[in-house]
Every structure is written in C-alpha cells, then in structure tokens.
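Produce the complete structure using the sequences and hints provided.
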Amino acid sequence: MELKDLIQIEIPKLALFVPELIVLITGFVLFSLDLIYKRLSHTLAISVSVIGYTLALLYLVFNFDLRGETFYGLYVRDSFSSLLQVFMILLTIILLAFTLQYQRFKRSLYGEFYYLLSFSLLGGMVLASSYNLLLIYIALEAVSVSFYILTALQRGDFTSKEGAFKYLILGGLAIALASYGAVFLYIYAGSFDLRHVLHFNAPDKSFLILGLVFFLFGLAIKIGVVPFHFWLPDAYQGAPTPITAYMSSVGKIAFFAPVLRVMPLVQESFHNTWVLVVGTLAVITFLYGNFVALVQKDVKRMLAYSSIAHSGYILAGVSVANAIGLKAVIYFLLAYSIMGMLGFLVLAVLERSGNWENKLEDFDGLKHSQGFMAWVFAIALLSLLGIPPTVGFLIKALIFMSLAYGKLWWVGILMIVGVGVSTGYYLRLVVLMFMKERERRAIANPTGFERASMVLMAVSLLILGILPMLLWNYISPTSEMLFRR
Amino acid sequence: MKIVPLEAYLILSVLLFGLGVFGMIVRRNLVAILMSTELALNAVNIAFVGADSHLGLLDGQIFALFIIALAAVEAAVGLGIIVAIFRLRKVESSDELTDMGG
Chain A
1 MELKDLIQIE IPKLALFVPE LIVLITGFVL FSLDLIYKRL SHTLAISVSV
51 IGYTLALLYL VFNFDLRGET FYGLYVRDSF SSLLQVFMIL LTIILLAFTL
101 QYQRFKRSLY GEFYYLLSFS LLGGMVLASS YNLLLIYIAL EAVSVSFYIL
151 TALQRGDFTS KEGAFKYLIL GGLAIALASY GAVFLYIYAG SFDLRHVLHF
201 NAPDKSFLIL GLVFFLFGLA IKIGVVPFHF WLPDAYQGAP TPITAYMSSV
251 GKIAFFAPVL RVMPLVQESF HNTWVLVVGT LAVITFLYGN FVALVQKDVK
301 RMLAYSSIAH SGYILAGVSV ANAIGLKAVI YFLLAYSIMG MLGFLVLAVL
351 ERSGNWENKL EDFDGLKHSQ GFMAWVFAIA LLSLLGIPPT VGFLIKALIF
401 MSLAYGKLWW VGILMIVGVG VSTGYYLRLV VLMFMKERER RAIANPTGFE
451 RASMVLMAVS LLILGILPML LWNYISPTSE MLFRR
Chain B
1001 MKIVPLEAYL ILSVLLFGLG VFGMIVRRNL VAILMSTELA LNAVNIAFVG
1051 ADSHLGLLDG QIFALFIIAL AAVEAAVGLG IIVAIFRLRK VESSDELTDM
1101 GG
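Chains as they are written, first to last, in my numbering: chain A, 1 to 485; chain B, 1001 to 1102.
Please note: incorrect hints may appear among the correct ones.
[To be verified] Calculated pairs, DSSO-like style, for lysine-lysine (alpha carbon to alpha carbon, straight line, at most 30 Å):
(1) A:407 to A:205
(2) A:407 to A:327
(3) A:359 to A:297
(4) B:1090 to A:297
(5) A:359 to A:106
(6) A:106 to B:1090
(7) A:13 to A:106
(8) B:1090 to A:359
[Unchecked claim] Using C-beta positions, here's what the derived DEER-type ranges look like:
(9) A:449 to B:1014: 48 to 54 Å
(10) A:202 to B:1069: 42 to 48 Å
(11) B:1092 to A:484: 51 to 57 Å
(12) B:1022 to A:463: 49 to 55 Å
(13) B:1073 to A:436: 44 to 50 Å
(14) A:104 to B:1091: 46 to 52 Å
(15) A:21 to B:1069: 20 to 26 Å
No lab work stands behind these hints: they were computed from the structure. Each residue gets a CB set at the ideal place from its N, CA and C atoms; glycine is no exception.
Structure follows, in structure tokens:
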C-alpha cells in the first residue's frame, strides 16, 4: 500500500508553487540575516533578494506552460497568474537597483525593508493566482500590512508616518468590508471558492448581491477608486519614493488581479448592473484624478493623482465586461505598471539632489543640468499622456476600441475628455524641463545600475508601443481562458 | 439543533460593524480609531460563526481564526505607527495629521 492511499489525502503538487516557495524562502533568509547581523550588509541583502527573485523568475519563464490546481483547489496556476507574476517579479528586481542610494541619502537604512518587500511580493503573487476567498483575504493582508510598514520606513519624516496611518485605517476598513462580503458569499453557497459561489444557482440571490457588493467595495478602496481614494495621495506622497513606485506598479497589479478574476464570472447574472456601476465609477475616477492632478504643485502628489486617473482607465476597460475588454485591461495594467514605476523612480533619483523638494519649479531647465534624467522622465510622462510611439497611446487606444465595441460611448467620450485634461499637467512638466532656461544646478547623478534600469524601462515602453504582438500573444489566450471558467 | 437563528447573529454583527465604521469616522483619537477597525473585524467573526451554525460547516470558523490572527497583526503595526507619530510630534488626534493637506 502506498503512502498516498494510507493517509487518504491528495499530496499537493508543489511544482506549481515553486516560484512562491522561492520568494518565501528568500524572505525567510533575509529575515534571518537581519536577525543575525547587528549591522546588516545591505549589499548582501540586495544580492540575496536579487538571486532569489531571479531564480523564481527563471523558473516561471522556463515553465510558462505550467497549468493546474494544487492545495485542494486553493491555488490555481494558469497563464493569467504566470503572466502577472512575471511582471511583478521583474519590477521588484528593477526596484532593488534604486533603493540603496535613496535610503542612504535619507538616512533610512532598515533591514526590515528587504524581507517586507519579499513578503508583499509573495502576497501579490498569491493574489494573482487564487479563486479562494480565504486565500485572497490572507494575501490581501500580506500585501497591505507590508505596505503600511514600508510606507512608514522613513526616518524622522512625519509625512511618511501620517501617510502610513491613513493607509492603515482605510486599508483596515477595506479588509473588513471585503471579509464581510466573504461572509455573505459563504452563507449563499457554503463555499469559499469564487468559481463555485458565482456559478451556484439558488432562487434567492440577495446574499450573493450583498456579498459581491461588499467584497468589490473593499477591493475598490484598495485600488483607490474615487469616492474611496482618500488615503491614496497621502500614502503615495508620504512613502519613501521607491516604495511609492512599488505600490503604484506591483501593488496595482496585485489588487486588480482578484477583480479581473471575478469579472468574467459575474457576467451571466449581473451584466447590465456591472456595466452601469463600474462604468460610472470609472468615469468619476479618471475625471477626478485628472482634474485634481492639474492643480498640484508637488510633482510626487501629481503622479499619485495620475495613478488614480489610470485606475479609472483600467476600470473603464473592466466595465466593458467581455473578453475584448479584458485583453485591453491586462495590457493596460502591465504597461502602466512599467510607466508608473518609471515616473516615480526618476523622482527617487532626483530627490538625492540638494534642495530638491519635488516642486514644479525644481524641474525648470532640467535638460541643461541633467539631460539623461530629463529625457527618461519625458518618455515616462509622454507615455502616461499617450503620445503615439509609446505604449501609452496604444493602451488608451485599446481601451477606447473595446469601449466602442461594447457600445459604451459615454465612457469613451468622457475618457477622451479626461486624457485631454491630463495633457495640461504632463506637458507642462515636459515644457518646464526642456524649454525653460535656468542656470545649471547640481543634480544627483544616477548610478550605473540605475541608469541601465531606467534605459531598460524607457526602451520597453517604446518597444511595447511599436511591437504590441510581443505581449499580446500571451494576453489574448489568457483573457479568453478566464472567460471560459 | 439550532437555538439561535442566523438572523440574530447577522443583526448583532451588522450593529457591531456599523459601530466600528461609525467610530472610525467620528473618533479623533488615533488609538480609538484603531480600536474601531478591530471592532469591525470582530463583527465579521461573529457573522462567520453564525453562518457556520446555520450551514453546519466548519470553514467559516477557520476563516474567523485567520481574521483574529491578522487583526492582531494589524493592531500591532497600527500601534507601532502611532508610537512613531507620537515620538516625532506629540500628536494624538487625527485632526493634526494634515501635513499634506489630505
């Protein structure tokens, strides 16, 4: 008799879970390193993290066709989870090129930083690959709690603590709401598996509706959809800038993942309501984000509002609620994660210059003082705005086309208005950097790693805009697969 | 045998949840705001346990255990942040958290 028959349970297929295991082990190693060494060598910590993440990334890339479920259906590996995880790990590796110099400059070198980063990455990876409410809840907490602490990790800086506290309270409310939604879904179907819950057919659907509303309401707070966005600008502005970059890229992918998994499943019963509610929220979100960004004097805060506006565009794609919309949304999400991150990372480098306060005036004539940074920032801004050769144009066009296909003209037209408004603040920065004359100033020089990462990201923004098929060939089957569930 | 119906659990939990959210909005003291979020999470626990006794399953209680553990994590982090705020400035009211105009 085999062991398997003896214990009468299925042995989990760990092969599907290897990337997460590697990230988890990396986190534990970093945690022990921080405990063992009184003065942790930060180069060592960064090397360990990069090696761990690279191993996980290589495993994922070489086993990209890995499919299946493990842990009794708790954990699903499909092309959606693999695609999102590849981007999350890549962006985290890129981020590590920027953190050390910044933290040294701000005198905020903490050993906690590294393992919190890997635990939040792990949470994001799990969020991208589960249909189970319990696992989604735990992963949400893992990402969020790491983010609260990372936001507060700036020595002697009050705004950082203030942002962290606001994030904590609103984040706690979001988690409470999402788990309250889980209660109602559980009462409705007696299961935590979203596929089972949403395909369950009971005559009385009131618990299902209540549950979905609460669950998605909680996720909406996490994403920063407009009536519930209060924490976002403060947390983004207060956080150390590399962390802001991390939250606006990896965090955004992670929090959107469960929404994108739920979206195809609810269309059978609630298509019309979904289109109306999500469409309205999307319009409010991108209009508000763009108009408020227009009047910001602080560039970091401006980019935070621009991040809200981009959540709005993503939601506009989600409101189309068919496979075409979902393709546009996934492409948008992945491309935005690169350009949003690049924008904040440029700020992270520039903040190391003396007397730099992220004010608009600081950018006057940046081209003359530090041409390289000005060009990289200009590419990021033009991509956020959506100028043709960059990927920003392509993704906005994709969203607009899917809106036209879904006959959501009102959302499409208002989206064009929103993009028009956003011209104001993106182009103003570009004009300030390139047209304005100002005497040369001492601007921080990026290190070799930083230079290489920024060039890589800027080039990938152009390549993804010119050759969309590179990514599209993976996205297209993914979104159709999600709709077949 | 069910002595307490599901509705009773749900009414209690909705009241508690409402109290928590209300506290988050009304209270000004930082620690009190943190306590209010814990109240809301405990309301979820009651609802889960009630759902379990209604359905005759155990999964909800497992979820409740996880919520208890993670609520403790959140409280620890929250208190840490409050201490850090208090060390930088002697602030204990949310009215004074307005450095960024938010």
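Check: Is it true that the CA of residue 407 of chain A sits at most 30 Å from the CA of residue 327 of chain A?
Finding: holds, 17 Å
Check: Taken at face value, is the distance from the CA of residue 106 of chain A to the CA of residue 359 of chain A at most 30 Å?
Finding: Status holds; Cα separation ~18 Å.
Next item on the list: Given the hint that residue 106 of chain A pairs with residue 1090 of chain B, test it: the Cα-Cα distance must not exceed 30 Å.
Entry: Cα-Cα ~23 Å, so holds.
Notebook entry, point to check: Holds or violated: residue 359 of chain A with residue 297 of chain A, Cα cutoff 30 Å?
Noted result: Judged against 30 Å, a Cα distance of about 6 Å means the pair holds.
Check: Between residue 1090 of chain B and residue 297 of chain A, does the CA-CA distance stay at or below 30 Å?
Finding: Satisfied, since the Cα-Cα distance of roughly 28 Å is no more than 30 Å.
Next item on the list: State, for the Cβ atoms of residue 449 of chain A and residue 1014 of chain B, whether the hinted interval 48 to 54 Å holds or is violated.
Entry: holds, 53 Å
Notebook entry, point to check: residue 407 of chain A and residue 205 of chain A: Cα distance at most 30 Å?
Noted result: Holds: residue 407 of chain A and residue 205 of chain A sit about 28 Å apart, inside 30 Å.
Notebook entry, point to check: Has the given pair, residue 13 of chain A with residue 106 of chain A, been kept, meaning a C-alpha gap of at most 30 Å?
Noted result: Outside the cut-off at roughly 45 Å; violated.
Notebook entry, point to check: Could one say that the CB atoms of residue 104 of chain A and residue 1091 of chain B fall in the range 46 to 52 Å?
Noted result: Given about 28 Å between the Cβ atoms, the range is violated.
Check: Taking only the CA atoms, is the gap from residue 1090 of chain B to residue 359 of chain A under or equal to 30 Å?
Finding: holds, 28 Å
Note to self: Does the beta carbon distance between residue 1073 of chain B and residue 436 of chain A stay inside 44 to 50 Å, or does it fall outside?
What the structure shows: Holds, at about 48 Å.
Check: Is the gap between the beta carbons of residue 202 of chain A and residue 1069 of chain B within 42 to 48 Å?
Finding: violated, 31 Å
Hint compliance for this structure: hints 7, 10, 14 are broken, all remaining hints hold.
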